[in-house]
Amino acid sequence: MKPGTRLKSATCDTEVMVIRCADGTIECGGAPMGEAKPAEPAPLAADFSAGTLMGKRYVDADGKYELLCVKPGKGSLSVDGVALVTKDAKPLPASD
Amino acid sequence: MSLPADDDTPGPAIPLARWADRQLEALARDFGLPRLSGATLLGERAAHGDYRIAGRISAGLGGSRLMPTRDGNWFALTLIREIDRELLPALFGDAGLDVHDSTAIAASVLRGNGAELLERGRMLGLPVALLDEIPASPPVEVIARGPRRERTAQHRPLVIDMSAIWAGPLAGHLLWQAGMDVVKVESRTRPDLIRRDDPATFDLINQGKASVLVDFASDSEKALLVDLIRRADVVIESARPRALLHLGIDAEALVREVPGLVWLSVTGHGARGEAANWVGIGNDCGVAGGLSRALADVTGEPGYVGDAIADPLTGITGAREALKALRGGEAQRIGLSMSAITAMALAEELAFDAALLEAELRGWGAGLGRRFPALERRAMQAPVRALGADTAHYLPALASC
Numbered sequence: 002m003k004p005g006t007r008l009k010s011a012t013c014d015t016e017v018m019v020i021r022c023a024d025g026t027i028e029c030g031g032a033p034m035g036e037a038k039p040a041e042p043a044p045l046a047a048d049f050s051a052g053t054l055m056g057k058r059y060v061d062a063d064g065k066y067e068l069l070c071v072k073p074g075k076g077s078l079s080v081d082g083v084a085l086v087t088k089d090a091k092p093l094p095a096s097d
Numbered sequence: 007m008s009l010p011a012d013d014d015t016p017g018p019a020i021p022l023a024r025w026a027d028r029q030l031e032a033l034a035r036d037f038g039l040p041r042l043s044g045a046t047l048l049g050e051r052a053a054h055g056d057y058r059i060a061g062r063i064s065a066g067l068g069g070s071r072l073m074p075t076r077d078g079n080w081f082a083l084t085l086i087r088e089i090d091r092e093l094l095p096a097l098f099g100d101a102g103l104d105v106h107d108s109t110a111i112a113a114s115v116l117r118g119n120g121a122e123l124l125e126r127g128r129m130l131g132l133p134v135a136l137l138d139e140i141p142a143s144p145p146v147e148v149i150a151r152g153p154r155r156e157r158t159a160q161h162r163p164l165v166i167d168m169s170a171i172w173a174g175p176l177a178g179h180l181l182w183q184a185g186m187d188v189v190k191v192e193s194r195t196r197p198d199l200i201r202r203d204d205p206a207t208f209d210l211i212n213q214g215k216a217s218v219l220v221d222f223a224s225d226s227e228k229a230l231l232v233d234l235i236r237r238a239d240v241v242i243e244s245a246r247p248r249a250l251l252h253l254g255i256d257a258e259a260l261v262r263e264v265p266g267l268v269w270l271s272v273t274g275h276g277a278r279g280e281a282a283n284w285v286g287i288g289n290d291c292g293v294a295g296g297l298s299r300a301l302a303d304v305t306g307e308p309g310y311v312g313d314a315i316a317d318p319l320t321g322i323t324g325a326r327e328a329l330k331a332l333r334g335g336e337a338q339r340i341g342l343s344m345s346a347i348t349a350m351a352l353a354e355e356l357a358f359d360a361a362l363l364e365a366e367l368r369g370w371g372a373g374l375g376r377r378f379p380a381l382e383r384r385a386m387q388a389p390v391r392a393l394g395a396d397t398a399h400y401l402p403a404l405a406s407c
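Keeping their order, the protein sequence lines are chains Y and A. Okay, so the first sequence: first residue is 2 according to our numbering, each after it adds one. Okay, so the second sequence: first residue is 7 according to our numbering, each after it adds one.
Since the hints were made in silico from the structure, they are not lab data. It is possible that part of the hints are untrue.
What the hints assert, rightly or not - Looking from chain Y toward chain A, a few residues come up when the C-beta cut is under 7 Å (computed):
{"#": "1", "residue": "3"}
{"#": "2", "residue": "4"}
{"#": "3", "residue": "5"}
{"#": "4", "residue": "18"}
{"#": "5", "residue": "20"}
{"#": "6", "residue": "71"}
Every value quoted in this text rests on a predicted model; they were computed, and no experiment measured them. Glycine is no exception: its CB is placed at the ideal position from the N, C-alpha and C atoms.
Excised from the complex, chain Y in its bound form:
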């Protein structure tokens, strides 16, 4: 998958942009994400329901995956069942 690809959650409103990725399955709310939204929403898994935050960057422990949340939702992000975590907060943007 190319960086810059936009993925939508099958379980909630979350949308992400792929910054970096490998061959694993990117999931939200416990279900695989896709470029199109399924007609019927998938159930939100309780273990992956902490929610996503607008503008946050999410990474895995090995640095192989990085996703930017461009639309928040109720599900939380994972790759092959392993939860992603937020990257350190970006410095507050200055006016210059």
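Starting from the known structure of chain Y, fit chain A onto it as the hints suggest.
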């Protein structure tokens, strides 16, 4: 593009300096500020930093570049934070891009469509702009109102300046020039970067301000800061709305609650809606405001006009709006859009004297490689307070624990 570095004569006037000067003349007349010069406020950072006019590269550090796109547009991209470079593969859809190679970046821009790069760049939180862009927000927008407060002529307003770098601090500086008590609030872990990067400019625009440090990781310190804001007349900030809320500061709630509180939100492209999440800084906001388009229309060559010109234009506009609002007495949150303020200044200057502005743009275009106009350094009028020197005075509860 080679820069003739041997021409050391002072360069042409900065277009829009006359616009700035007219605003400053009005501030002196209507609000009793000392008479400051527009050419000085727009050009002092570049003059004292020995900047040269660099065309499609921004003056000074050269962090912003204008690059042609496949569809005949021009894309401005500012790369001054390492963490932003990590987003470039996603911007261009190219996992193999060498994000430190400016030639490779320009080649990627040339393969792209301007409008698509703009949309994706904004979504990624990158400071980007297009040569042909119409600002998304009004230049000055009142986005919340609250109760009135009557002030006596003897009342000395208290200004809490939480902004950083140039635009917001300049607005605070002008309010200090108007006689107000200005408190610069900085994060304990991340003070204003311009202290380190350009101390001479820092000193000019922060002289006379009290200095307070706040640990934004501490709930008790944030609560003390909110208490201080409740006693204030003016707040100036330049954080994205989400970041501000994350710090426990709800601007709209405070404006609805605190009588007469004037809250300036300095933004790249607007304080409301989707545009509030876009990042914009002085040079790319000048492009987004149409100034590089105006230069290209006159000279045939797009380029950056001035030095981060949207910053000082916004600082001057912000001070004017705060002074007007204080006089009116009503609490207001005022969104300032740097790109739209540039567009407003350009339109007003065109209406004022189109031929003169055109001659100045032509002169600017012909000045490639020359120094910015020479300026005498402004004399300091007050000391620069040491970082955090006034924390105990303004956040008294912090002193006792």
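Going down the list of hints, with the structure as the test:
no., hint, result
1, 3, "holds (5 Å)"
2, 4, "holds (4 Å)"
3, 5, "holds (4 Å)"
4, 18, "holds (6 Å)"
5, 20, "holds (5 Å)"
6, 71, "holds (5 Å)"
In summary, this structure violates none of the numbered hints.
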